[in-house]
Amino acid sequence: MILAHRSQFEEIRTRGNEYFAKKEYSEAVECYTHCLESKESLKTPVIFSNRALAHLKQNKYGRAEEDAAAALRICPTHSKSYHRRSVARLSLGKIRGALLDVYAAEASCDTDALRKDIEIQRCKCEKALVDAATRAPRRNVMITVV
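When we follow the working numbering, the leftmost residue of the sequence shown carries the number 81, and every step to the right adds one.
Do not take every clue at face value.
[Stated by the list, open to error] Computed cross-link-like contacts, DSBU-like style, restricted to lysine-lysine with a CA-CA straight-line distance of at most 30 Å:
1. 102 - 140
2. 137 - 123
3. 196 - 119
4. 196 - 174
5. 103 - 140
6. 140 - 123
7. 137 - 204
8. 102 - 123
9. 196 - 123
10. 119 - 103
11. 196 - 103
12. 119 - 137
13. 174 - 103
14. 102 - 137
15. 137 - 207
16. 196 - 137
17. 174 - 137
18. 174 - 207
19. 102 - 119
20. 102 - 196
21. 196 - 207
22. 140 - 119
23. 204 - 174
24. 196 - 140
25. 123 - 174
26. 140 - 204
27. 204 - 119
28. 103 - 137
29. 103 - 123
30. 102 - 204
31. 174 - 140
Keep in mind the hints are simulated off the structure, nothing from the lab.
From just these sequences and the hints, can you work out the full model?
Given below as C-alpha cells:
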C-alpha cells in the first residue's frame, strides 16, 4: 500500500498512535511501517522513533536499536531517539554504547519530562558499567624493572 497523500500518512500515523496508547504494540508497529512508505516519513524522525518505542515495549531490542538509529540519521539531535536507542542498547548488553547515547540525549534534550527519564537511564547505564567492571576477571601482572 503506497501512501499517495499526506492525509493518508497522517491518518495511519494517528492510528498507530492510538494502537500504541491502547498497548496494542504489534498493530502500532504495523501502522508505523506503513507510514514509512510515504516520503513524508523521511522528513521527520518521529515515525522511526515511535516504532522504536513500540519495539521496546515488545522487548524487541535489536529492532528498537535499528529504528532509533534510523531516526537519528534523519535528525542527529533527536533526544528521544538517543534515549530509546540507549534503552535498547543497555538491554542488549551494549553498555558503553548505551552510555554514549544517554549523554547525547542529555546534551540535546529540551523538555523537562524527558530530562527526568534520561537522568534515570543515565543512572542505570552507569550502574551497569560499574557492575560489569566489578564482575570483570582480575589479572595479576608482574612487572620487572631492569
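Status of the hints after comparison with the structure:
no.	hint	verdict
1	102 - 140	holds (19 Å)
2	137 - 123	holds (25 Å)
3	196 - 119	violated (33 Å)
4	196 - 174	holds (22 Å)
5	103 - 140	holds (15 Å)
6	140 - 123	holds (25 Å)
7	137 - 204	holds (18 Å)
8	102 - 123	holds (27 Å)
9	196 - 123	holds (27 Å)
10	119 - 103	holds (27 Å)
11	196 - 103	holds (23 Å)
12	119 - 137	holds (26 Å)
13	174 - 103	holds (27 Å)
14	102 - 137	holds (12 Å)
15	137 - 207	holds (22 Å)
16	196 - 137	holds (19 Å)
17	174 - 137	holds (18 Å)
18	174 - 207	holds (13 Å)
19	102 - 119	holds (27 Å)
20	102 - 196	holds (24 Å)
21	196 - 207	holds (17 Å)
22	140 - 119	holds (26 Å)
23	204 - 174	holds (12 Å)
24	196 - 140	holds (24 Å)
25	123 - 174	holds (29 Å)
26	140 - 204	holds (19 Å)
27	204 - 119	violated (37 Å)
28	103 - 137	holds (9 Å)
29	103 - 123	holds (26 Å)
30	102 - 204	holds (28 Å)
31	174 - 140	holds (15 Å)
Hint check: violations occur at hints 3 and 27; the rest are consistent with the structure.
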